[in-house]
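Q: To get the working numbering, take the position in the sequence shown, counting from 1, and add 3.
Just so you know, these hints were derived from the structure itself, not from any lab.
Quick caveat: nothing in here was measured; it's all calculated off a predicted structure.
Do not rely on the hints blindly, as some may be mistaken.
Unchecked claim - Straight line, CA to CA, 25 Å or less: simulated SDA-like cross-link-like pairs of lysine to any residue: (1) 80 / 10; (2) 47 / 25; (3) 80 / 95; (4) 47 / 28; (5) 9 / 88; (6) 9 / 100; (7) 80 / 14; (8) 80 / 101; (9) 80 / 65; (10) 80 / 97; (11) 9 / 83; (12) 9 / 60; (13) 47 / 34; (14) 80 / 70; (15) 47 / 60; (16) 80 / 68; (17) 9 / 71; (18) 9 / 91; (19) 9 / 86; (20) 80 / 22; (21) 9 / 66; (22) 80 / 100; (23) 80 / 90; (24) 80 / 34; (25) 9 / 81; (26) 47 / 35; (27) 80 / 24; (28) 9 / 85; (29) 80 / 98; (30) 80 / 94; (31) 9 / 22; (32) 9 / 78; (33) 9 / 72; (34) 47 / 37; (35) 9 / 21; (36) 47 / 82; (37) 9 / 93; (38) 47 / 24; (39) 9 / 87; (40) 9 / 82.
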Amino acid sequence: MRKAMKRYHPLLVALHWVIALMIIVALVMGSNVLAVLPNDHPDKMFSLRAHMSIGIIVGVLMITRLVTRLRSAHPPKADTGNGLLNFAGSAAHWVLYILVFLMVASGMGDVWRGGALLFVYGFAMTAPFIVAAFRAHPEMCHVSAPSVCAQAIPA
4 MRKAMKRYHP
14 LLVALHWVIA
24 LMIIVALVMG
34 SNVLAVLPND
44 HPDKMFSLRA
54 HMSIGIIVGV
64 LMITRLVTRL
74 RSAHPPKADT
84 GNGLLNFAGS
94 AAHWVLYILV
104 FLMVASGMGD
114 VWRGGALLFV
124 YGFAMTAPFI
134 VAAFRAHPEM
144 CHVSAPSVCA
154 QAIPA
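Between the sequences and the hints, there should be enough to build the whole structure, so can you do that?
A: Next comes the structure, spelled out in structure tokens:
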């Protein structure tokens, strides 16, 4: 007889907190460091490289987390006693997944559109899989998604 799960898989818990911390660091770096540093400042390249590296790692970890979540057993969902609140909590969770993936994809689109890989990491590559909208104006998405994400977190 199998016992009902009471906790999430330890890998999911670890990924949750590592990703949360990395997202906070990337958001702070993007809004409080990169946005205020002039392009000719000596620390700009280091900060940009760190911000981009964190974004790439967040994307890889989010894919790992999503695959682990979909393939592992998890405990029953928390019940608030209100169907609308239960739905809102579940919807907010998936909206956060989408927003994080959107941030990573728009950051990649911004990088490839501007050729930053060559300047930051020393190589260039093409990105045929980036959605055409991101190629046109990825910075709009990359700048606006954090504020939408912040509004979804309390739910």
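Q: Run every hint past the structure and note whether it holds.
A: Evaluation of the provided hints:
no.: 1; hint: 80 / 10; in the structure: holds, 11 Å
no.: 2; hint: 47 / 25; in the structure: holds, 19 Å
no.: 3; hint: 80 / 95; in the structure: holds, 14 Å
no.: 4; hint: 47 / 28; in the structure: holds, 16 Å
no.: 5; hint: 9 / 88; in the structure: holds, 21 Å
no.: 6; hint: 9 / 100; in the structure: holds, 23 Å
no.: 7; hint: 80 / 14; in the structure: holds, 18 Å
no.: 8; hint: 80 / 101; in the structure: holds, 20 Å
no.: 9; hint: 80 / 65; in the structure: holds, 21 Å
no.: 10; hint: 80 / 97; in the structure: holds, 14 Å
no.: 11; hint: 9 / 83; in the structure: holds, 17 Å
no.: 12; hint: 9 / 60; in the structure: violated, 29 Å
no.: 13; hint: 47 / 34; in the structure: holds, 13 Å
no.: 14; hint: 80 / 70; in the structure: holds, 18 Å
no.: 15; hint: 47 / 60; in the structure: holds, 20 Å
no.: 16; hint: 80 / 68; in the structure: holds, 18 Å
no.: 17; hint: 9 / 71; in the structure: holds, 17 Å
no.: 18; hint: 9 / 91; in the structure: holds, 22 Å
no.: 19; hint: 9 / 86; in the structure: holds, 22 Å
no.: 20; hint: 80 / 22; in the structure: holds, 21 Å
no.: 21; hint: 9 / 66; in the structure: holds, 24 Å
no.: 22; hint: 80 / 100; in the structure: holds, 17 Å
no.: 23; hint: 80 / 90; in the structure: holds, 11 Å
no.: 24; hint: 80 / 34; in the structure: violated, 34 Å
no.: 25; hint: 9 / 81; in the structure: holds, 11 Å
no.: 26; hint: 47 / 35; in the structure: holds, 12 Å
no.: 27; hint: 80 / 24; in the structure: holds, 24 Å
no.: 28; hint: 9 / 85; in the structure: holds, 21 Å
no.: 29; hint: 80 / 98; in the structure: holds, 17 Å
no.: 30; hint: 80 / 94; in the structure: holds, 13 Å
no.: 31; hint: 9 / 22; in the structure: holds, 22 Å
no.: 32; hint: 9 / 78; in the structure: holds, 5 Å
no.: 33; hint: 9 / 72; in the structure: holds, 15 Å
no.: 34; hint: 47 / 37; in the structure: holds, 7 Å
no.: 35; hint: 9 / 21; in the structure: holds, 21 Å
no.: 36; hint: 47 / 82; in the structure: violated, 47 Å
no.: 37; hint: 9 / 93; in the structure: holds, 18 Å
no.: 38; hint: 47 / 24; in the structure: holds, 22 Å
no.: 39; hint: 9 / 87; in the structure: holds, 24 Å
no.: 40; hint: 9 / 82; in the structure: holds, 14 Å
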